[in-house]
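> Use the sequences and the hints to build the structure in full.
Listed here are the chains, written in short residue letters.
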Amino acid sequence: MQEFLDMGGYAAFIWPCFIVSAVLLVGLLVVSQRQSKSIEATLTALEAEMPSRKDMS
Amino acid sequence: MAFRQGLDSVMVVMFFILAVILFPFGVGPEGNILARIAPGVIWVAALLSTMLSLERLFQTDFEDGSLELLVLSPVPLEVVVVARVIGHWLTTGLPLIIASPLLAVFLNMHADGYPMMLAALALGTPTLSLIGAVGAALILGARRGGVLLSLLVLPLFIPVLIFGVSAVDAALGGFSVKAQLLILGALFLAAAPLCSWAAAAALRQAVESS
Amino acid sequence: MSRNFIRQVLYPAINYLLHRYANPARFMRMSARVTPWLAGITILLAGSGLYLGLFVSPADYQQSETVRIMYVHVPAAWIALSCYVGMAVGAAVGLIWKHPLAHVMTKSSAPIGAIFTFLALLTGSLWGKPMWGTYWVWDARLTSMLVLFFLYIGYMALNNAFDDPGRGTTTSAILVLVGSVNIPIIKFSVEWWNTLHQPASVIRAGGPAIDGSMLWPLLLMIAAYTTYYVWVLFIRMRTDIMETRLRALRMRQVHEQAGT
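First to last, the sequence lines map onto chains A, B and C.
Residue 5 in the working numbering is what sits at position 5 of the first sequence, and the numbering runs on without skipping anything.
To get the working numbering, take the position in the second sequence, counting from 1, and add 57.
To get the working numbering, take the position in the third sequence, counting from 1, and add 267.
There's no promise every hint is true.
[Stated by the list, open to error] Cross-link-like lysine to any residue pairs, in silico, SDA-like; alpha carbons within 25 Å at most:
| no. | chain 1 | residue 1 | chain 2 | residue 2 |
| --- | --- | --- | --- | --- |
| 1 | C | K365 | B | L129 |
| 2 | C | K454 | B | L208 |
| 3 | C | K365 | C | M295 |
| 4 | A | K37 | C | A299 |
| 5 | A | K37 | C | T511 |
| 6 | C | K365 | C | S298 |
Read the hints as simulated data drawn from the structure, not as lab findings.
Bear in mind that the values here come from a model prediction, so they are computed numbers and not experimental data.
Quick look at the structure:
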């Protein structure tokens, strides 16, 4: 296990690559998802207020 | 009008000179170091000086409505753009080229480099004006247009910078400059139609949405 | 790809898809159904790619363990490049044919591409230090990738610089097209110049030059990054479409209130 984490001595280069990639990509996903949900909530609230012809969600 | 243009040119050249002479103060006056970085410094200063006068390329026409007339006129908008670019180059690029030998002296550039410096700048600065025109057209009506213009235009300037400096370095080292000059020429030939089309498209955008 | 195939299959298919999903409402319904699948497939591909890449595949005889960085560096660079190409296509389709969703696609792609470019630069730098001895070098490949990053940032800045969002998207569409001259430079930079960066080893004339045990995790990760891109793209496109709808409703609200 220790050998695996050590990655032949290159751990300081290899693990940050994977970790930063994961953090940024998951982060982008989460942020995008949150924005989407928030807009969706605002939109449905506004549409409930207004008598609309045809909604699009 | 002509006087104001002249004043603009003087200011651009003054900035060019000032930007370059900052380097001996910052890097130290040692001749060898200055000579080594001279082509690069002169080119970067030329880039930045070109950018100074770009923001106003279409701004006044946009603000007073004459841009709309230009867009609607029977003259193709691309031709108008090219005319503007030529004007910009005459008041910015050309003065920079003329001032460059003086700056080469300040930076202790070896005599071998002078002719190529002039040639490379002559080939490269029109391309800079062309690319800059696209940027100037894109930011019409934008917030913080000046800073945005730099952000958009400087990355696109980089190929011209790379090959322009490379040409002078090659001449200084006694190597062939053919490749660099060909590429600078090709960049200009590619930029002329592409940038005039893009700038015209951007100008139409600006007029349509105002 | 034979000419008949292009004429009789590919063109009609593209045409059909473009027309079908020109309707935002239909796109919203389709994307709502498809995104869970994209999520699942991405996780599967990434999971298996990472498992193979980190645990099963061997260390390179020349580069030892650092070769594993390839499994996150190459996919990131590949998608960063493809994303910009996609944006350029979207910009062209939007400007020329005025397809309603083309600009939405371009605008939504930009942050994703920017992050992938950043990751490519970062992982490449961390791979470069043990492999070549330096974190950075100004060769053609790295320089043009850095320029690509600035093109993405410039696009996003220009997009957000106007009060009128429509003006923002159409103006930045022009910018994308002007910047696309950088793409061939990136792709062919390692062939045209003597660069420190490795030349192409997967898509080349003689077939891949990588051993199967490393090729599989690489391909899986590239596929995972691709489906991730489409997944997040769809989420962001949905948000943009809903924002447009929201703006329209709010304007109608203002008009109605002004009228009463």
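> Indicate, hint by hint, whether the structure satisfies it.
Evaluated hints:
no.	hint	result
1	K365/C x L129/B	22 Å, holds
2	K454/C x L208/B	23 Å, holds
3	K365/C x M295/C	19 Å, holds
4	K37/A x A299/C	12 Å, holds
5	K37/A x T511/C	15 Å, holds
6	K365/C x S298/C	21 Å, holds
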